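Engineer: Here's the letter readout for the chains.
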Amino acid sequence: MDLSAINPVLLVASLMVAATPILLAAIGELVVEKAGVLNLGVEGMMITGAICGFAVAVETGSPLLGFVGAAAGGAALSLLFVALTQYALANQVASGLSLTLFGLGLSALIGQGYVGKKPPPSARLDIPVLSDLPVLGRILFSHDIMVYAGLALVAGVWALLRFTRAGLILRAVGENHDAAHALGYKVRRIRILAILFGGACAGMGGAYISLLRVPQWVDGMTAGTGWIALALVVFASWKPWRVLLGAYLFGGVTVLQLNLQAAGLAIPVEYLSMSPYLITILVLVIMSSHRSGAPASLGRTFHASQ
Amino acid sequence: MLKLEKRRQPSQVWAYLAPVVAVVATMVVGGLLFAFLGKDPLLAIRTIFWDPLFGEFAFYYRPQMLVKGAPLVLIAIGLSLGFRAGIWNIGAEGQYIMGAIAGAGVALAFYPLEAWWLFPLMVICGAIGGLLWAMIPAALRVIFGTNEILVSLMLVYVAEQFLASVSLGLLKNPEGYGFPGSRNLQQYPSAHNAELITGSGMHWGVVAALIAVIMAYILLNRHLLGFQIRLTGEAPRAARFAGVKPKQLVLLCMGLAGALAGMAGLFEVAGPSGRISIDFNAGYGFTAIIVAFLGRLHPVGILLAGLLMALTYIGGEIAQSSMGLSSSAIQVFQGMLLFFLLMVDVLTNYRLKLAKADAA
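Sequence order for the protein chains is V and X.
According to the working numbering, the first sequence is numbered sequentially starting from 1.
According to the working numbering, the second sequence is numbered sequentially starting from 1.
Quick caveat, the hints were computed from the structure, so don't treat them as lab data.
This one's a predicted model, so the numbers in the text were calculated from it and none came from an experiment.
Below are the DSSO-like pairs computed for lysine-lysine, each with C-alpha atoms no more than 30 Å apart in a straight line:
1. K39/X <-> K117/V
2. K186/V <-> K6/X
3. K353/X <-> K6/X
4. K239/V <-> K186/V
Between the sequences and the hints, there should be enough to build the whole structure, so can you do that?
Structural biologist: What follows is the structure, encoded as structure tokens:
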């Protein structure tokens, strides 16, 4: 084993890249859950976004358009969840599961023609001066644009929830949908918008995996990232900045175990590959003692007659 | 504008009709999907739903219904108990894998000993393997209040990695010329889950599935525990006043589901699949969730739903070889089934009414 082969600067730099898909999906899901809806279909929306983004990017040659397509794909799939939970008033857990099962099949179907193809490369942002800084330049200022978009999204969601009237209404709907309804807010409409936003974010997260992190199309390539994103929202106690912290933590674990695999650690590869999932469980256990942040109406069905 | 009005009592008619409508809707939309893929929709639906049962080679496919249906029914019965009580074990795939590894591990440890007690021991160990794996999310929920949905699902990925590890290492066939995967249990008479009647598809897993259906029916309809499970799902507060111990119920429901999934895994690995290999699991643990819901969480319903889902697997394979319909199209088809079921299910609890303005 050769631990000196692991370059800490590259490790931190790749940590930010590894964290981005989880970050995008989790921040979207945070908004959905803040509106009182539990969408367990993140994995399905991510994988759908991954193939939609990949297909659009390959066909148009533009990674940026790919991300737009991924957001559209993820949001389109989340429309099914809207139909189930907001109109047919179905159980949210079961609906989320159906979304994931359906999304996994759909993505494999669309992806048949794209196995083995290469997506167009995404340009790294090259900021003059800043990118050339020693250490910091490599870690902070030489990523692709989606890494920064993810950070901006976290800041945006934080500001929206904390400082704006729209954010206040969103939280009110999530805390007590009956009271919000009595005040005249359109509970269903607000929730639909939140679900669509969550779907678009999950889609982009998925596309980040297929376009940049891997980059190619493999069936079921998100491999549980969507579920980890769901766990991350719990870990973050529904606070945007803690989602960022959590995503970097998971990104760090993922990158570290990959590096350890490459360095030939004495532990078999399979056990290292388990580590992100095991750490997710550990984190869930630690966080389950204080679950103060959960929106009070989370997962409950709203019907105006009741 | 259409408006939903809550029914005072859930509609009995729709409770039975909803799965049927969902299946028909899936056939229609699925047919459109197949047409979009450039296949003849009527031919595709016929190939999937008719040919395995009444087609030219039905004598071959009919036994397959039992082979594919048994693990689905066995897992779904276990899941349905928990789902009824609001306990969401969605990691049956992991429990299935761990049961298979535990049971096959016992057989391989005794190889090449021939003894009558070996197969029963494998079944017990398979059940224990699944049970212990399901006890992880159950215990974490009971002790720490951790969300069992996420933990049980995370453990599927852990189990998959463990499966890869043992098929490359611990359980690898020493005479396998270095290829991954264990010895073939079909060639080890004492451990082989063989057909009980040749050509019928009937193996011990099918027997176990039928017993599970009957036991679950008795449990839910004639036993206090079944009443407690139903009560907890429908009125958790009332259940607590009635003296139901929620923690015990979590352990019991998850444990039963895990044990049944583990047994399903063992029957599969010792029978139709034959050996532990990296990808021996076929996603039955996830499809069983669809089966449980399609069967309305009712034992007899699950039996029918399991057979129907087995039909889509077999018909899908026929359509794949004869029409070039891809296996992922069948996966979409199965996903659609759950989707439509949840959609139609609204009519069980609500009735549609015409209204002038949208209230929400």
